[in-house]
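Residue numbers (my numbering), protein chains in the order written: chain W, 1 to 349; chain S, 1 to 427; chain V, 1 to 341.
There may be inaccurate statements among the hints.
[Stated by the list, open to error] Straight line, CA to CA, 30 Å or less: simulated DSBU-like cross-link-like pairs of lysine-lysine:
(1) LYS142(W) <-> LYS122(V)
(2) LYS305(W) <-> LYS315(W)
(3) LYS390(S) <-> LYS255(S)
(4) LYS192(V) <-> LYS51(V)
(5) LYS142(W) <-> LYS51(V)
(6) LYS23(S) <-> LYS247(S)
(7) LYS23(S) <-> LYS329(S)
(8) LYS390(S) <-> LYS334(S)
(9) LYS23(S) <-> LYS334(S)
(10) LYS314(V) <-> LYS192(V)
(11) LYS237(W) <-> LYS238(V)
(12) LYS122(V) <-> LYS63(V)
(13) LYS315(W) <-> LYS122(V)
(14) LYS142(W) <-> LYS63(V)
(15) LYS142(W) <-> LYS237(W)
These are computed hints drawn from the structure, not numbers from a lab.
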Amino acid sequence: MARRKSGASDKPDVEQLTEFYRRMLLVRRFEERTARAYTEAKIGGYCHLNLGEEATVVGLMDGIEARDYLFVSYRDHGYALLRGMDPGRVMAELYGRSDGVSRGWGGSMHLFDVETRQLGGYGIVGGQLPLATGAALALQYKETDEIVLCQLGDGATNIGAFHEALNIAALWQLPIVFAVVNNALGMGTTVEMSSAEPELYKRGAAYRMASARVDGNDVTAVRDAMREAAAHARSGKGPFLLEATVGRLRGHSVVDPAAYRSAEEVAAVRKADPVLALHAQLQAAGVGDESLAAIEQDVTTVVTKAVEFAESSPKPEVGTLFDYTYASPVPNDTRRRPAEPLFPEVVAK
Amino acid sequence: MDILMPRLSDTMEEGVVASWHAKVGDEVHAGEILVEIETDKALMEHESYQDGVLTEILVPEGGSADIGAPIGRMRVAGEPEQAAATPAGAAEGSAPAQPAAATTPSTPDTAAASAATPAPVAEPAAGADGARVRATPLVRRLARESGVDLGTLTGSGPGGRIIRADLDRAAPAPAAAPAPAAAVPAEQPAAVAVPVTEDDEVTPLGSMRRTIARRLTESARDTPHFYLTRTVDAGPMSELRAQLNAKLVAAERPKVSLNDIVLRAVAVALRQHPEMNSSFAGDQLVTHRRVHVGMAVATPAGLVVPVLRDADTRSLTDIAAAARELAGKARDRKLRPEEMTGSTFSVSNLGMFGVDQFCAVINPPEAGILAVGAVREEAGVVDGALAVVKRMTVTLSVDHRAVDGAQGAEFLRSLAHLLENPWLAVA
Amino acid sequence: MTAPTDVAPAAGTTTMSYRQALHDTLRAELLRDENVLLMGEEIGRFEGSYKITAGLLDEFGPKRVKDTPIAEEGFTGAAVGAAMLGLRPVVEVMTINFSLLALDQIINHAAKIYGMFGGQAKVPLVIRTPGGGGQQLAATHSQNVELFYAFTPGLKVVAPSNPADAKGLLLAAIRDDDPVLFLENLALYNTKGEVPTDDTPIEIGRAAISRPGTDITLIGYSRTARMALEAADRLAAKGFSAEVVDLRSLRPLDRQTVVESVRRTSCAVVVEDDWLTYGIGAEVAASISDGAFDWLDAPVRRVAMAEVPLPYAKSLETAALPAVDDIVVAAEQTLRATGRG
Numbered sequence: 001m002a003r004r005k006s007g008a009s010d011k012p013d014v015e016q017l018t019e020f021y022r023r024m025l026l027v028r029r030f031e032e033r034t035a036r037a038y039t040e041a042k043i044g045g046y047c048h049l050n051l052g053e054e055a056t057v058v059g060l061m062d063g064i065e066a067r068d069y070l071f072v073s074y075r076d077h078g079y080a081l082l083r084g085m086d087p088g089r090v091m092a093e094l095y096g097r098s099d100g101v102s103r104g105w106g107g108s109m110h111l112f113d114v115e116t117r118q119l120g121g122y123g124i125v126g127g128q129l130p131l132a133t134g135a136a137l138a139l140q141y142k143e144t145d146e147i148v149l150c151q152l153g154d155g156a157t158n159i160g161a162f163h164e165a166l167n168i169a170a171l172w173q174l175p176i177v178f179a180v181v182n183n184a185l186g187m188g189t190t191v192e193m194s195s196a197e198p199e200l201y202k203r204g205a206a207y208r209m210a211s212a213r214v215d216g217n218d219v220t221a222v223r224d225a226m227r228e229a230a231a232h233a234r235s236g237k238g239p240f241l242l243e244a245t246v247g248r249l250r251g252h253s254v255v256d257p258a259a260y261r262s263a264e265e266v267a268a269v270r271k272a273d274p275v276l277a278l279h280a281q282l283q284a285a286g287v288g289d290e291s292l293a294a295i296e297q298d299v300t301t302v303v304t305k306a307v308e309f310a311e312s313s314p315k316p317e318v319g320t321l322f323d324y325t326y327a328s329p330v331p332n333d334t335r336r337r338p339a340e341p342l343f344p345e346v347v348a349k
Numbered sequence: 001m002d003i004l005m006p007r008l009s010d011t012m013e014e015g016v017v018a019s020w021h022a023k024v025g026d027e028v029h030a031g032e033i034l035v036e037i038e039t040d041k042a043l044m045e046h047e048s049y050q051d052g053v054l055t056e057i058l059v060p061e062g063g064s065a066d067i068g069a070p071i072g073r074m075r076v077a078g079e080p081e082q083a084a085a086t087p088a089g090a091a092e093g094s095a096p097a098q099p100a101a102a103t104t105p106s107t108p109d110t111a112a113a114s115a116a117t118p119a120p121v122a123e124p125a126a127g128a129d130g131a132r133v134r135a136t137p138l139v140r141r142l143a144r145e146s147g148v149d150l151g152t153l154t155g156s157g158p159g160g161r162i163i164r165a166d167l168d169r170a171a172p173a174p175a176a177a178p179a180p181a182a183a184v185p186a187e188q189p190a191a192v193a194v195p196v197t198e199d200d201e202v203t204p205l206g207s208m209r210r211t212i213a214r215r216l217t218e219s220a221r222d223t224p225h226f227y228l229t230r231t232v233d234a235g236p237m238s239e240l241r242a243q244l245n246a247k248l249v250a251a252e253r254p255k256v257s258l259n260d261i262v263l264r265a266v267a268v269a270l271r272q273h274p275e276m277n278s279s280f281a282g283d284q285l286v287t288h289r290r291v292h293v294g295m296a297v298a299t300p301a302g303l304v305v306p307v308l309r310d311a312d313t314r315s316l317t318d319i320a321a322a323a324r325e326l327a328g329k330a331r332d333r334k335l336r337p338e339e340m341t342g343s344t345f346s347v348s349n350l351g352m353f354g355v356d357q358f359c360a361v362i363n364p365p366e367a368g369i370l371a372v373g374a375v376r377e378e379a380g381v382v383d384g385a386l387a388v389v390k391r392m393t394v395t396l397s398v399d400h401r402a403v404d405g406a407q408g409a410e411f412l413r414s415l416a417h418l419l420e421n422p423w424l425a426v427a
Numbered sequence: 001m002t003a004p005t006d007v008a009p010a011a012g013t014t015t016m017s018y019r020q021a022l023h024d025t026l027r028a029e030l031l032r033d034e035n036v037l038l039m040g041e042e043i044g045r046f047e048g049s050y051k052i053t054a055g056l057l058d059e060f061g062p063k064r065v066k067d068t069p070i071a072e073e074g075f076t077g078a079a080v081g082a083a084m085l086g087l088r089p090v091v092e093v094m095t096i097n098f099s100l101l102a103l104d105q106i107i108n109h110a111a112k113i114y115g116m117f118g119g120q121a122k123v124p125l126v127i128r129t130p131g132g133g134g135q136q137l138a139a140t141h142s143q144n145v146e147l148f149y150a151f152t153p154g155l156k157v158v159a160p161s162n163p164a165d166a167k168g169l170l171l172a173a174i175r176d177d178d179p180v181l182f183l184e185n186l187a188l189y190n191t192k193g194e195v196p197t198d199d200t201p202i203e204i205g206r207a208a209i210s211r212p213g214t215d216i217t218l219i220g221y222s223r224t225a226r227m228a229l230e231a232a233d234r235l236a237a238k239g240f241s242a243e244v245v246d247l248r249s250l251r252p253l254d255r256q257t258v259v260e261s262v263r264r265t266s267c268a269v270v271v272e273d274d275w276l277t278y279g280i281g282a283e284v285a286a287s288i289s290d291g292a293f294d295w296l297d298a299p300v301r302r303v304a305m306a307e308v309p310l311p312y313a314k315s316l317e318t319a320a321l322p323a324v325d326d327i328v329v330a331a332e333q334t335l336r337a338t339g340r341g
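Can you build the whole structure from these sequences, using the hints too?
This is the structure:
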């Protein structure tokens, strides 16, 4: 497939772009608030943000259907919001509270919601690739018209499972789209330092898999590319490899100062900030400052409420510690906390 | 509430009250030292388990009591008032109770279990060093339940371990009379009647002295000793020590002694001659894989033998530091029981008293002990010319049941080589 | 050989091999539930490296019996993903050595998905794989790394030692909603036994007393449980009554049955096909210490593989692997230590 250019032929639909702006701003403000909560020690563990990737996140999510399944990497907050998970429950998961989408068991990297069919963020780089491939196998097996979207970062294209999953997906002609969000950095390592073929979408050729690259800062282009890729997979033509090139506004995670980047690099990424760019585009298209301010206000309210919800959500009860080890009950399933003896009657004597 | 004589050593049966840290009427707090107890091995501090007021001292300083017997009384919060008024507000502001406050110090059956066995043929279950009875967990439980005193049994299991079969063979325990009383005399050293006149001063034996007497009697009686003596050139050893200490002092590190070099050499030689690092155990010989060297230390209260564990794997300076610490603790009676058990060979050095040579009594169940004399200067022949040389004489006592003469001699040859070429022991 | 006594006598039994029991059970489950599918290398056209799946491709077609590329991580992970969407894949990993290539998908994913997402997705997956040395396959093809899986909460690990258990536990594994590692053994495929004709699963997480006895407890699983039975026969000829506990499940581990047995016999020998250090025997011995300390009349002994990469040469391989003789020797030494030897 040809390489897609930013700003495709269609005239921008201002109403649509305004809606995209609202969604992108939601991700932006949510992630900024998340970073703050993390530094306030209200969020633990690792915490990776979608800052700078908003156009891609919104475009990908608008390009698939509600009935499709989604597997994403650990940089998953924005996807969860746009998939339709309640922002309060997403924030509650980051807070490790019982109302979290994964009931406080997963945290930032593991947002999962069976209702909205986001079957996980995955903390192991590329761990979702074989899983998503298998999910696509199940869809093919059940003969549905649903597809799987498997999002991954640029770094994940270098793992062995990337090859195994893409080979199997192509071999079995599975209904799946692999969407590489190429933010040019795997932690601090550039794509050029880690990939012998840095134009990642070209890897599809090894599997005779259709593929394309799109400007990930152009929300409409991403949406269109995603729609085409999804249609391809849905039509039984097999998998599709889509690459979106984006910029990462901050470090790898909240706590990464990104000292390995030059000032010029950072300036370039900031200059291409998709949220600011879309804001300017809307202004140029005649959208009034009051409308844009109202969107800002709405989004801020949503995020504030999400934080309030998370703060008020109860912490999981210690009594639930052994609730999710096994789905099928099983005898002799050792349920003990660290100092508890295996045979209390022997110790008690 | 009664304050009971605590069990503060694995082999003690009774303890002596060395000193009370509180007077009658004093307020005592959980976790504070209440009384010092002299056990058969050491002087141990004992804390109060609860807050309260000491109301009575039943065993005064110098007096002894069996484990579990009351040695004093205290009134704890909630107990009926009996004694004189306590200071107002005594209940407030006291230290928080220790979590282990409810622990009972000991029970009669555990005390009985540590009684020594009568002169055994096989290795006694109590261990010739008076360490804990070796018995399987099953036997311990059954003995506890049936009131059998394990100290009266001889173990036929590996290493003298008491196994269920031994318990089954033993006569059922009498229902009422506890057995331990009968066992106690057997462990007393055979005493010769000593006519006492008014010119003599009689001192009752402390439990430590009693232990020394019993164990060395057992050793002299049951262990066929033979002795090998050898004189070594102590010059290189003295030189090494001088060179090393010059460097150590410059580096502001503690110095090493000649005895430390001897300890290190003994450990290396034991590693080379595992047969010397063994124990005779009835129908089997136990060869110890690890080298734990006991070092005899004279203290005002008597002889103690703290243990340098894994001495063969430790550097000279490490040994020096450990030996210094152990000797200090021994003199202060601060050694913990585990610091005095488990040695596989011992070294006794009387060189500092000017003794040229002597024969030491083996510390059972070890197979040998090295007696080290003083370094002395004498005339000797060096490269065909008369010169002043340094000499040291060491005497190896060997348990002939475990080790034969030639094996002992080979060990001594290796040891002498190491002492005369001490960098080999240090390297 | 003594039949397992814990297995309720079924309405009827048939004599068959361990291999046949596996094959027939897979076939029956494919017929029973259309969500069951088989995946693995060489299971279709080649009929399985060890012929467990012989004839099934012809009968059920390539949708239900899926040959995969040599890509353990890829196809095992795909099976996990398919299970998340409701299929019940039964994966064959040619030998347990190759499962190491799929560790990330098994341990980091299959074992975690139910818990890490708060119980929202189940993973009804079976990974069948044979372990076992003794076939002169050298170091990389002779390992027993079931320990890695038995170590991991979220997984279940079963290790049948006889055809009846192979059937009963495979039925249970396929019908279970959790990922189950089903450990087979090359040396067991041709062994025969009575197999119940009805389809009653054996509950995962329960050990079996496969031979009652009074003097000593011998504990094994998979091949070593069978060896323990042979050792018990030999000990019986010498006048000792050995009780054999067949663990059957390595996770969950039925400590209660082990401990109750040792409380009766006062001594135990654990037999494992893997290395001793940190092995399954260590876990069992520690459990005995936890639950039967006051009943022990001798230290718990372990019979385990020599701690070397398993050599190819037969003389060396034999020397490294635990054998029935080894169990007898360890048992006799233990009995002697209790004064009964």
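Checked hints:
{"no.": "1", "hint": "LYS142(W) <-> LYS122(V)", "verdict": "18 Å, holds"}
{"no.": "2", "hint": "LYS305(W) <-> LYS315(W)", "verdict": "18 Å, holds"}
{"no.": "3", "hint": "LYS390(S) <-> LYS255(S)", "verdict": "21 Å, holds"}
{"no.": "4", "hint": "LYS192(V) <-> LYS51(V)", "verdict": "16 Å, holds"}
{"no.": "5", "hint": "LYS142(W) <-> LYS51(V)", "verdict": "28 Å, holds"}
{"no.": "6", "hint": "LYS23(S) <-> LYS247(S)", "verdict": "52 Å, violated"}
{"no.": "7", "hint": "LYS23(S) <-> LYS329(S)", "verdict": "28 Å, holds"}
{"no.": "8", "hint": "LYS390(S) <-> LYS334(S)", "verdict": "36 Å, violated"}
{"no.": "9", "hint": "LYS23(S) <-> LYS334(S)", "verdict": "24 Å, holds"}
{"no.": "10", "hint": "LYS314(V) <-> LYS192(V)", "verdict": "25 Å, holds"}
{"no.": "11", "hint": "LYS237(W) <-> LYS238(V)", "verdict": "71 Å, violated"}
{"no.": "12", "hint": "LYS122(V) <-> LYS63(V)", "verdict": "22 Å, holds"}
{"no.": "13", "hint": "LYS315(W) <-> LYS122(V)", "verdict": "24 Å, holds"}
{"no.": "14", "hint": "LYS142(W) <-> LYS63(V)", "verdict": "11 Å, holds"}
{"no.": "15", "hint": "LYS142(W) <-> LYS237(W)", "verdict": "17 Å, holds"}
Comparing the model with each earlier hint shows violations of hints 6, 8, 11; every other hint is respected.
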